[in-house]
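Protein chains: 2
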Amino acid sequence: MDHVMINMRLLFNPGSVAVIGASDNMSKLGFHVMKSLTNGKFPGKIIPINPGSNTVMGIDAYPSIKDYKGEIDLAIVVLPAKLVPDIFKECVDKGVKGSVLITAGFKEIDDPSGAHLHIETANIVNGAGIPVIGPNTFGMINLNKNLNASFTPEFSNLRKGNICLVSQSGGISHLLGFMAMGLNMGFSKIIGLGNRLNIDFDRMIDYLMSDSDTKVITLYIEGIDNVRGLIDSARKNRGRKPIIAYKTGKGKVGNQASMSHTGSMAGRHELYRSAFDQAGILSIDNTETLLDTAKAMSACPLPEGPCIAVLSGQAGPSMAACDLLESEGLKIDSFTGKTQEKINELLPPLALRTNPVDMGPAWYDSDAIQEIIKAAMNDENINGIIFLMMFASANVDALKGIRETLIKWQQKKPVISCILSPPAIWDEEIKELEENRAIVNYPTPERAAMAMANLWKYVLIK
Amino acid sequence: MDHVMINMRLLFNPGSVAVIGASDNMSKLGFHVMKSLTNGKFPGKIIPINPGSNTVMGIDAYPSIKDYKGEIDLAIVVLPAKLVPDIFKECVDKGVKGSVLITAGFKEIDDPSGAHLHIETANIVNGAGIPVIGPNTFGMINLNKNLNASFTPEFSNLRKGNICLVSQSGGISHLLGFMAMGLNMGFSKIIGLGNRLNIDFDRMIDYLMSDSDTKVITLYIEGIDNVRGLIDSARKNRGRKPIIAYKTGKGKVGNQASMSHTGSMAGRHELYRSAFDQAGILSIDNTETLLDTAKAMSACPLPEGPCIAVLSGQAGPSMAACDLLESEGLKIDSFTGKTQEKINELLPPLALRTNPVDMGPAWYDSDAIQEIIKAAMNDENINGIIFLMMFASANVDALKGIRETLIKWQQKKPVISCILSPPAIWDEEIKELEENRAIVNYPTPERAAMAMANLWKYVLIK
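So the protein lines, in turn, are chains A and B.
In terms of the numbering used here, the first sequence has 44 at position 36, counting the first letter as 1, and numbering is strictly consecutive.
In terms of the numbering used here, the second sequence has 66 at position 58, counting the first letter as 1, and numbering is strictly consecutive.
Mixed in with the good hints there might be a few duds.
One copy or two, it doesn't matter: identical chains are merged, so the pair holds either way.
Unchecked claim - Capping the alpha-carbon separation at 20 Å, the derived lysine to any residue pairs in SDA-like fashion look like this:
id, residue 1, residue 2
1, Lys36, Ala376
2, Lys115, Ala89
3, Lys439, Met187
4, Lys102, Ala130
5, Lys260, Thr362
6, Lys260, Ser335
7, Lys36, Asp373
8, Lys439, Gly190
9, Lys43, Val404
10, Lys470, Asn245
11, Lys36, Lys408
12, Lys36, Val404
13, Lys350, Glu388
14, Lys43, Asp405
15, Lys260, Gly337
16, Lys470, Asp285
17, Lys260, Lys339
These aren't lab readings, by the way, just hints derived from the structure by calculation.
Please construct the entire structure, taking both the sequences and the accompanying hints into account.
Next up, the structure:
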């Protein structure tokens, strides 16, 4: 393993963090970075660097990192681009292990001076084996270490989880983070790669494969220079942890935008997609599906086959789910004779009793619903269960007894649900069921079905 | 206009409502219907009918409608199917104007007795010109009249609005209603057609075209017998009010399920889609897009051409939006020279300054962002604006000044946004902007872009 990769561990797990450009002035990014570290309750040493202040946010500050006597593992840099080479020379001298370079104005700018600065800076850190996240990034967050090394303190409000997001866009990282807060999803790390001075997708994937906090790797990609590196890294690590990628820049305009934004052409979309498939990377088409799929991957086992049971409190939502499952290549085949007999005992002849099952006529018989779910779970023809229930005060009782059945099952086969009630009626119960590995819940039957379909697609390419 | 259509007005705007099967017993639907009417604050007369009680929920009850001396406009029926023909004979005698028949067990059941009962019941009401919503329905809600004629009291929590939902599935109606509560969307009416004794989609569309509370008509369709009637009604009313349809039963399984659920085959999906296009009905593929599109239709003018300006606080989300817009056939063309000059003055050369515009470098200059938005609004090349901003505490100020610019504009061209912040930071402000016709907001850039694309698709088929 090269020096950069060894230092990466300390970059994400530092004992001490210097903020070069720390400030008490709210209009400076150095203020917000300090707020992220302190509000996020980083347990290690925080060292503000500012030549004009003795303290920042009440913490002893130093004119430069040279003036601080202890060790510095991570340096977060928010000073203007032209100062960065000298800062990094000091970092090398000081023995800094890694850096988050928030500053913009490198190869993404029109002026060739940006590209020169990029190369000059890269040479300094590469010589010393210092991994740099950035430049032109919002930062990174390691939730399990309470390390919020970004200019957005609110990232610390995220739940700790096992999904890592590696993103080329700060906007998309914020979008996904804020959406996840509403979906009860947790992250291990969120990493804004920015313009990738020496850490690109390939090295991040290599690192994350041995990161025990991360189970699922999600990528947001615009344009990348080193496609081969990404593909090789994914191939080499194939099947170890799921990698899910959302790549924009499909159209004419997006491709041009990528050039300006990240200094890399987006490239031909179809080529990416097929290369990703072959490397076992699951391609996804939008931010919502990226999160939905990561949520399922992080909580469910993979289905062992394509046959799904659709169990629903109402027929309509089951039809929406079946349409989507079928169009994505999954099967809604017959139950075994034993399961079907059981269901026929439990439901009157007027119901949809074959797969999909309309459990509506058993609304007021929580035991019957439990028995149907159990029969489907144990049916050898069935590889996963979609469970759909829309309910309000008239039918809330049906769900109470099902809780235990779902918790006991512990996702032995994937159980993906859309349990929906008016806001605040059952929100806490759903959270509890998710935290107890009973269900993975989605706001619509189609999103639940798409999450299941993506689990199966991953099985086919991994 | 036939008698049924004349009575439809009183069905939706009754002065008095009888609940035939009203009950104080929580395990009965007649309890929940009574709760819907009373909690929903229906201002007219409520008449519980129950031969075993003198009062229901403290309201004087009668053994049968014959025993009530006043007029009854609407009769909600929750008694078992076999009693329905006699009940309806009494309704005819009493001069009831319309009915909501919640009871199931008609043509959707396997036993031929259900189909016979269906015909027998239809003959009774058709002879008297009484329109019936149902059977096998959760009911209907006319929010503008505080009339919740359903077994789900929570529908009364919905905002009043100008979108009407006509649905063949109670499950989907509940799903869309509960989702809308979270999206700050309002409805005029939600109508569960059920198994359509004598009121099918065609008659509902005819009625809603002259319903001044309804601006946008959304349909959820499984299988219908009278496709020709629906198409003819949409054609006849073409261009008057947008009609948006979500049709399930695409796949093999869904089609079979439709037969069992609604007694009608779903039929070949492609034929529906092309017939809908030709009748000016916009086809939609899932529940989320149905709501998103209705929300845009209800609040925005239609774009006069396909060229969209994408103005974004960050490049990544603008790329996601551009990809979707381009793949749906919209254009992200150049601004006029005048607009581009203006933007060049306001943004540094390092930014994405042509369409899409990355306003990131002007984050801390709210005036500059306002000027960019105004220039795009007034650009004659531009037919609509997508506005994207992900923000947290570090950049909340940028948005404050934009508020007024957006409110003043009043959607003269459509302005569709994804303004997203951590939960609770800007929720109230977004609600206020939506209520002031300043924006229509979505949770992701792709959903915002898809809503815009659907406005344009409707222009092409209407």
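Structure-inconsistent hints, enumerated in ascending order: none
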